[in-house]
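Engineer: Here is what each chain is made of, one letter per residue.
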Amino acid sequence: MGQKLLRDLFILLAAFGAIWSFFYFFPVFPDEEIFEISIENEEQLGELVVEELLGNEPDFAELNNPTLDSALKMICDRLLQQVELTDYDFHIKIVDNEMVNAVTLPGGHIFVFKGLIEFSEHPEEVAAVLAHEIGHVQKRHVVKKLVKELGLAIITGVITGGDPVLITEVSRSALSTFFDRKQESEADRYALKLLEKSNISPTAMAAFFRRLKQQNGINHESLEILSTHPHTNSRIKASLEYKTHEGFEAKKFEFDWDKVRDSLYASNEFESPDE
Amino acid sequence: MEQNTFSQQVHAGYHSLPQPDELTTREKEDAMGAYLMMFAALAAGLPLPIINLIAAVIYYFVNKSKSRFVRFHSLHSLYAQIPTTIMNAALVFWTVRNLVSCGESFSCFDDFYIGYFWTVVIANILYFVFSIIAAVKARKGQFYYFIFFGKLTYEQVYRIIEGEGEKQQAVNKPPV
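Heads up: the protein sequence lines correspond to chains A and B, in order.
Last residue of the first sequence: 275 in the working numbering, with the numbers rising by one and none dropped.
Last residue of the second sequence: 176 in the working numbering, with the numbers rising by one and none dropped.
If we strip away everything but chain B, and leave its shape as in the complex, we get:
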């Protein structure tokens, strides 16, 4: 994980990053909520881990128009949970399949499965820990970049796209 150093660097072709004192408390809380809301959705979504992903998509679409800072954290949180969601769903599927095919016997739960099980456990712990860190940083008005997903989100939210915003500019005209 890479931490933002607040060095005031602005990449050419990217929007400048807001500094903590430029953000409102509401923006900081909405950004933090993007991470914390996922834990509630994750708990509610068990044993169907896909539900938290749906919640993340809804949260992103509700909050994306608020500000770039909130949009960044909402999308960051959404992207970061895609791999753990897929891994969790695969584990649930594999477990059920083993239980159905082997009945009372546990011989289907071989080392291949057990290796995957512990990989998923570690992935979830990492996701949990780094999400808490990201939530705390967001509450302080700071950025926090997960490996891969941080760069991907920054690219999508802060990159300046030509013609961006033009559609929103309505032009008032007198009656014909």
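Isolated chain A (complex conformation):
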């Protein structure tokens, strides 16, 4: 009787695990609604959101720095050359914001914060963050997130009507809400593969997050990226354990990253007499 009881208990627990796993991998609320928003509409939405953020949000002034722009272009080019079958035109901008963060917006728009550039000790770390954001774009996580939070009607309403109040609402939602764990892991896996294909060491991601974690106690408020990306330890582990193909050789970027970062302070000094 004792063995039969154990067998029955095992069957019950296995059924519980199987049902949970089934609904986790095959959600009952699939992302079908997302397909009702075409890439063209998403790009249109992205332009409205970017216009709103750059025009009306004081924390999102675009930073124009030729040295930095050129370095970022080299990083992006290296990554984007390896992005296969993309429907998006990527638009990557640097915004004058001290937060250590980067955000993905609809339609292939990515904002890299000045704080992230200052914090990164190597261009490979910026590349790792960018690869992660490109992953969010490719998997259409932003539109999924917005549709889930605000509903399809509001999103299509913004695209077709362009109501300023709704645009502000959508823009704030795009910035404030978090991706779920599954989406973060998906973007991480995509990023690690993209880094490998771009001849950038995937361990750059681990280095970035490890330092970010160490700094967390010192300067908590500016490390926005940590609060929006939970489970840092598992991400560091995944990055360190990622196995690159045989013969993989990381190629360093040829520009001087310290000079690029110094150019940020130089532009600040140039601006200071006016203040």
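It is possible that part of the hints are untrue.
Straight-line Cα separation of at most 27 Å, DSS-like style, residue types lysine-lysine; simulated pairs [what the hints assert, rightly or not]:
| # | chain 1 | residue 1 | chain 2 | residue 2 |
| --- | --- | --- | --- | --- |
| 1 | B | K151 | A | K4 |
| 2 | A | K73 | A | K252 |
| 3 | A | K193 | A | K243 |
| 4 | A | K139 | A | K4 |
| 5 | A | K139 | A | K73 |
| 6 | A | K4 | B | K64 |
Rather than coming from a laboratory, the hints here were simulated on the basis of the structure.
Remember, it's a predicted structure, so these values are computed and weren't measured experimentally.
Chain A is already provided as a structure; the job is to place chain B on it using the hints.
Structural biologist: Relative to the frame of chain A, chain B by itself:
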């Protein structure tokens, strides 16, 4: 779920099972009540699903001395609802925690949560359906064994324990 075949089998070391015609109507109704009472308690217990478990414990202790048949169904019903109660309570806790931590954003309700939500829904439906079947069988004076819980209850109610009942046998003695 396994259904009793009324094959008159008696396991060695276990009390024999009563047959439907040996049971009184009152016993059958009390046994059925063990399952039906839970639905009322479950509805009353929402959003604190622990209340139905308390009701089940009370029902068991009130009815356990009536007969083995009633005791079996009361304990069977009590055991069977423990997992669904725990699952429901965990779902309520998880939902509240998500609402508190994420505010107006629904991003905390990820696929992990949604998967659990549907698992709980299925568990409750199964519990409901099999409890109705068990209640009908009990009303007819029959046994019905849920997977795991059926065997566990049978083991506890019908297993012959040495020395069982001796304590109840009071011995009358003349005055000293």
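Engineer: The structure should be examined with respect to each hint, and the outcome stated for every one.
Structural biologist: Right, here's what the structure says about each hint:
no. : hint               : result
1   : K151/B with K4/A   : holds, 8 Å
2   : K73/A with K252/A  : holds, 15 Å
3   : K193/A with K243/A : holds, 10 Å
4   : K139/A with K4/A   : violated, 47 Å
5   : K139/A with K73/A  : holds, 22 Å
6   : K4/A with K64/B    : holds, 25 Å
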